[in-house]
Amino acid sequence: MWILFITALCCLYLYTWIRFYPGKFPVYPGGVPLLGNISLFSGGTEKEWENIKKIFKFSLENGDIVLIYFGPIPIYIITDPDDCNTVLTSCMHRSGIAKKFGKSFLGNGLLFGPGTCLSRLVLRRKRESQDKEQNQKSDTKFKPFLDRLLESSDTLSTQDLRDEINTTILAGFETTSATLCHCLLLLGTHNNIQEKCYQEINEVFGDSERDVTKDDLPRLKYIEMVLKETMRLCPVVPYTTRIITEDVQLIQENAVLRKGHLCFVALYGVMHHPTWGPDVEQFVPERWLDSSDLNPNAFGAFGYGRRNCVGRVYAMMSMKVAMVHILRAYRVSGEYHRMRIKNMGINKPVDGHHITLYNR
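Going by my numbering, the first residue of the sequence shown is number 1, and it counts up by one from there.
Derived by calculation from the structure, the hints in this document are not laboratory data. Please note: incorrect hints may appear among the correct ones.
What the hints assert, rightly or not - Quick list of in silico lysine-lysine cross-link-like pairs, DSSO-like style, CA-CA up to 30 Å:
| # | residue 1 | residue 2 |
| --- | --- | --- |
| 1 | LYS214 | LYS196 |
| 2 | LYS53 | LYS320 |
| 3 | LYS196 | LYS228 |
| 4 | LYS53 | LYS342 |
| 5 | LYS228 | LYS214 |
| 6 | LYS196 | LYS320 |
| 7 | LYS53 | LYS348 |
What the hints assert, rightly or not - Beta-carbon label-pair distances, calculated as ranges:
| # | residue 1 | residue 2 | range |
| --- | --- | --- | --- |
| 8 | GLY311 | GLN252 | 31 to 37 Å |
| 9 | ILE6 | GLY352 | 45 to 51 Å |
| 10 | MET344 | GLU195 | 31 to 37 Å |
Cβ atoms here follow ideal geometry from the backbone N, Cα and C, with glycine treated the same way.
Using the sequences and the accompanying hints, generate a full structural model.
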């Protein structure tokens, strides 16, 4: 009986290997027959993140594309900036893994909704918009997001409304607040950089405690560099996933991602790629002084392609405003290297951010 069972498993493994042969790419070590590398994703969210970083590092050291195995199923891991852009631009559908953990809470919102569903919705809205009168009163042009959704109740179901609101809360607030906490912790660790931010605030606002206006935001150039460097060094969304819906040719010769496979786009790996220079692991906001020298695909904090972050401009604006209000009122102290990270879809601290605020 056991012989038949083992034989059946071996046949299943062999069939899967032939059916889903991914190509000749380096394989992450440590896998075991039948189970593959699945043990890397057990043992808790903190250990899982440490293992994910090791996989990304292995990819960076082995040509920017490697394989891991979930059981007999191969999964691509890619870390090259241009390859990541190619995959996310050409493949719209997120993987079943992402949907399992994301759609249970967010449903078919912008973050986890299928591309075909979103395309139909956009086309329907476009037709409806063309049928409306072009001349509207000025006081109806700009309304709160929730009001707009409620007015769409004739075209959006209750479930659709819930999905979009949940998406806004998680994707719009959770990631922004996590990025701000990382930024404050880094500034608390690098007091010289914090002082430069404070000096810029004084140059823009002087002794005034007025609110930040839209005209102030472009003048906060150094704070923007600090925020970008924070998102590069410790992105709160370290990876995204895609189903390869058609064969994808990568920049390497004869490197093709086969249709039907799952691909992990390692955003963390992209932003720790050697293309950033020998100080890639250091917190250096000045690297953004002349961003024209940087590969535009090397910064993946907001994703790539048609399903990138729709709120990226607003997110940067809101973080700038928050930084101004915090830094002109408080001096920040922290120890970045003490922070332990766990991965729960987005990266979060295990036991707090270890930030202390002192009145100025």
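Here's how the hints hold up against the structure:
no.: 1; hint: LYS214 - LYS196; verdict: holds, 21 Å
no.: 2; hint: LYS53 - LYS320; verdict: holds, 29 Å
no.: 3; hint: LYS196 - LYS228; verdict: holds, 15 Å
no.: 4; hint: LYS53 - LYS342; verdict: holds, 11 Å
no.: 5; hint: LYS228 - LYS214; verdict: holds, 19 Å
no.: 6; hint: LYS196 - LYS320; verdict: holds, 14 Å
no.: 7; hint: LYS53 - LYS348; verdict: holds, 15 Å
no.: 8; hint: GLY311 - GLN252: 31 to 37 Å; verdict: holds, 33 Å
no.: 9; hint: ILE6 - GLY352: 45 to 51 Å; verdict: holds, 48 Å
no.: 10; hint: MET344 - GLU195: 31 to 37 Å; verdict: holds, 34 Å
The structure is consistent with each of the numbered hints, conforming to all of them.
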